[in-house]
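Chain order of the listed sequences is A and B.
Quick note: the first sequence uses numbering that gives the first Met the number 0, first residue 0, plus one each step.
Quick note: the second sequence uses numbering that gives the first Met the number 0, first residue 0, plus one each step.
To be clear, the hints were calculated from the coordinates, so they are not data collected in a lab.
A virtual CB, placed ideally from N, CA and C, is assigned to each residue, including glycine.
Take these hints with a grain of salt, some might be off.
Said to hold, decoys possible - Residues of chain B placed beyond 12 angstroms of chain A at every Cβ, according to the derived structure:
| # | residue |
| --- | --- |
| 1 | L15 |
| 2 | S31 |
| 3 | I79 |
As the list claims (entries may be wrong) - Sample of chain B residues facing chain A (criterion: CB under 7 angstroms; computed from the structure):
| # | residue |
| --- | --- |
| 4 | L5 |
| 5 | V9 |
| 6 | L12 |
| 7 | P19 |
| 8 | Y22 |
| 9 | G52 |
| 10 | A85 |
| 11 | G86 |
| 12 | A89 |
| 13 | L90 |
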Amino acid sequence: MAHDTPIKRVRGLGSAHHGAHHWLVQRFTAIGNLVLSIWLIASIIGLPDLSYATVSKWLAQPVSATAMILLVISTFWHARLGLQVLIEDYLHNSGTKFAALAALNLAVIGGCAFAIFSVASLAFGGAA
Amino acid sequence: MALVGLFVLVWWLGALASGPAYYETFSGLMTSIPGYVVLVGLSWAFFTHLMSGLRHFVLDIGAGYELNTNKVWSIASPLIAILLTAGFWALILNK
C-alpha cells in the first residue's frame with residue numbers, strides 16, 4: 000500500500016466500485032445549478048407578475064428558453080447522480096438496486112424530456 | 000425534496016406549454032394555502048441545499064476544517080438559508 004498512488008487507491012473503492020468521474024460531474028453540475036438557479040430566481044423576482052401572459056412571453060425569448068433548458072439538464076443530471084449514490088449506499092440487494100436505478104433513470108429522463116419539450120414548444124410559438 | 004422541487008418545476012413548465020386555461024388551474028393550486036406551504040417548503044429546502052453545497056465546495060478545496068471554522072459555517076449555512084428564503088418571499092409577495 001505504501002507504494003500506491005492516490006488514484007490507484009480511489010479506483011475500485013466505494014459501493015459503485017468507481018467514483019472520481021462521478022464525483023467531479025456532481026460538482027460540475029452543481030456549478031451549473033448555482034449559476035442557472037441564480038438566473039431563475041433573479042428572473043422570477045424581476046418579472047412584473049407571474050401571469051400566463053408575462054411568464055410565457057418571457058420564457059419564449061431565446062436567452063430565457065436556452066437558460067431554462069440548460070437549468071433543467073443541469074439540475075436533473077445533478078439529481079440523478081445524487082440519488083444514484085443514495086441508492087448505491089442504502090440498497091444492498093442487487094436486484095432491488097438494479098430496479099431502483101432503472102426507475103430513477105426512467106423518471107429523470109422522462110421528466111427532463113417533458114420539460115425541454117415544454118420550453119421548446121413555448122419558444123417555437125406552437126400552443127401544445 | 001429535490002425530486003419534489005424538480006417535479007413542481009416540470010409541472011410549471013408543462014402548465015405554461017399547455018396554455019392559459021391550465022396555467023390558471025396550476026397557479027390557483029399554487030396560490031392556495033397548501034400550495035404556499037409546498038412552495039415555501041421547497042424554496043427553504045432549495046436554499047438549504049444551496050448553502051450546504053457552497054459550504055462543501057469550500058471543504059472540497061481543503062479549506063475550513065479547523066474545528067471552530069467548521070462549526071461556525073455548519074451552523075451559519077442553514078441560518079443564512081432561512082434568511083435567503085425569507086428574503087426571496089418578501090420580494091415575491093411585494094410585487
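Outcome of the hint check:
1. L15: Not fine: 5 angstroms to the nearest Cβ puts B:L15 too close to chain A.
2. S31: holds (15 angstroms)
3. I79: Per Cβ check, B:I79 is outside 12 angstroms of chain A; nearest 15 angstroms; holds.
4. L5: Holds, because the Cβ-Cβ distance from B:L5 to chain A comes to roughly 6 angstroms (cut-off 7 angstroms).
5. V9: holds (5 angstroms)
6. L12: holds (4 angstroms)
7. P19: holds (4 angstroms)
8. Y22: B:Y22 check passes; min Cβ-Cβ to chain A is 4 angstroms, inside 7 angstroms.
9. G52: Holds. Min distance 6 angstroms.
10. A85: This hint is violated: B:A85 lies away from chain A, its Cβ roughly 14 angstroms from the closest one there, beyond 7 angstroms.
11. G86: For B:G86, the interface hint is violated, since the closest Cβ of chain A sits about 10 angstroms away, which is over 7 angstroms.
12. A89: Result: violated, 10 angstroms to nearest chain A Cβ.
13. L90: Holds, about 5 angstroms.
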